[in-house]
Amino acid sequence: MRKFLNENMLWMKSMIALNKKSCPVWHNVDLILTQMNGLSMGYNKTAENPMDPDSILWLNLMGDLEDLEAALDPSIHNINFEDWVKSGQFRGDGHCSALIKLLPGNTDLYVSHVTWNTYQSMLRIQKKYIFPFRRTGSSGPEDMNPGHTVAFSSYPGILFSGDDFHILSTGLVTLETTIGNSNPALWKNITATGE
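In terms of the numbering used here, the sequence shown is residues 1 to 195.
Treat the hints with care, as some may be off.
Claimed, not checked - Lysine-lysine pairs mimicking DSSO-like chemistry, simulated, CA-CA at most 30 Å apart:
#, residue 1, residue 2
1, K128, K13
2, K101, K127
3, K45, K188
4, K13, K127
5, K128, K188
6, K3, K20
7, K20, K188
8, K128, K101
9, K101, K45
10, K45, K13
11, K21, K3
12, K20, K45
13, K128, K21
14, K127, K45
Don't read these hints as lab results, they were simulated from the structure.
My request is simple: use the sequences and hints to build the entire structure.
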């Protein structure tokens, strides 16, 4: 896993160096990695037990570790679906559920999100980010990211929601719920490099 993540980080940094001035995706990936580095530096400034930047990365991978573990275990890549379900690896842990309801006449849209977890996960934080970032590294101030303000529930040390529920300044709500990979043959498509 560590080798995979190191290779992925090197690839991301090379893509950022090549594309951040012209590509909104890589500009924003750079901003996220910069934010993660700032979180690490801020924590370590006063921490009795400093954390290296990789530890902050591991915290922020909480939603991906289960899938990465399965993807990097070649023993399950060729297992048939029925055997995979019986193995218990199919179910996953789950973390949340979502409900979406469109009102009659398309007059409004209701969304709801529920997260469940263990007792030690009760340390929650309501976060609001106001980041007047531009779309690309070479954009002018008039080309601000539309979703420059975002509010969400989260956890200490995590840059994103973790509950997968965000309210954006664009007027949009983003949410998701766990939809696992039920086809183990697809794990081979997860690589540390490539888009």
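Structure-based check of each hint:
At most 30 Å may separate the alpha-carbon atoms for a hinted pair to count; K128 and K13 meet this at roughly 27 Å. A C-alpha spacing of about 26 Å is found between K101 and K127, which places the hinted pair at or below 30 Å, so the restraint holds. Between K45 and K188 the alpha-carbon distance is near 41 Å, which puts this suggested pair outside the 30 Å criterion. The hinted pair formed by K13 and K127 meets the criterion: a straight-line CA distance of about 27 Å does not exceed 30 Å.
A distance of roughly 37 Å separates the Cα atoms of K128 and K188; the hinted pair therefore is violated under the 30 Å criterion. For the hint pairing K3 with K20, the CA-to-CA distance comes to about 25 Å; that is within 30 Å, so the pair holds. With a C-alpha separation of about 28 Å, the suggested pairing of K20 with K188 holds against the 30 Å cut-off. Under the criterion of a C-alpha separation no larger than 30 Å, the hint pairing K128 with K101 is consistent with the structure, at around 26 Å.
With a CA separation close to 46 Å, the supplied pair K101 and K45 exceeds the 30 Å bound. This hinted pair checks out: K45 and K13 have alpha carbons roughly 25 Å apart, not beyond 30 Å. A hinted pair counts as satisfied when its Cα atoms are at most 30 Å apart, and K21 with K3 qualifies at roughly 28 Å. Distance hint between K20 and K45 is fulfilled; the C-alpha atoms sit about 29 Å from each other, no more than 30 Å.
At most 30 Å may separate the alpha-carbon atoms for a hinted pair to count; K128 and K21 meet this at roughly 27 Å. Of the supplied pair hints, the one linking K127 and K45 holds, its CA atoms being roughly 21 Å apart against a limit of 30 Å.
When each numbered hint is compared with the structure, violations occur for hints 3, 5 and 9.
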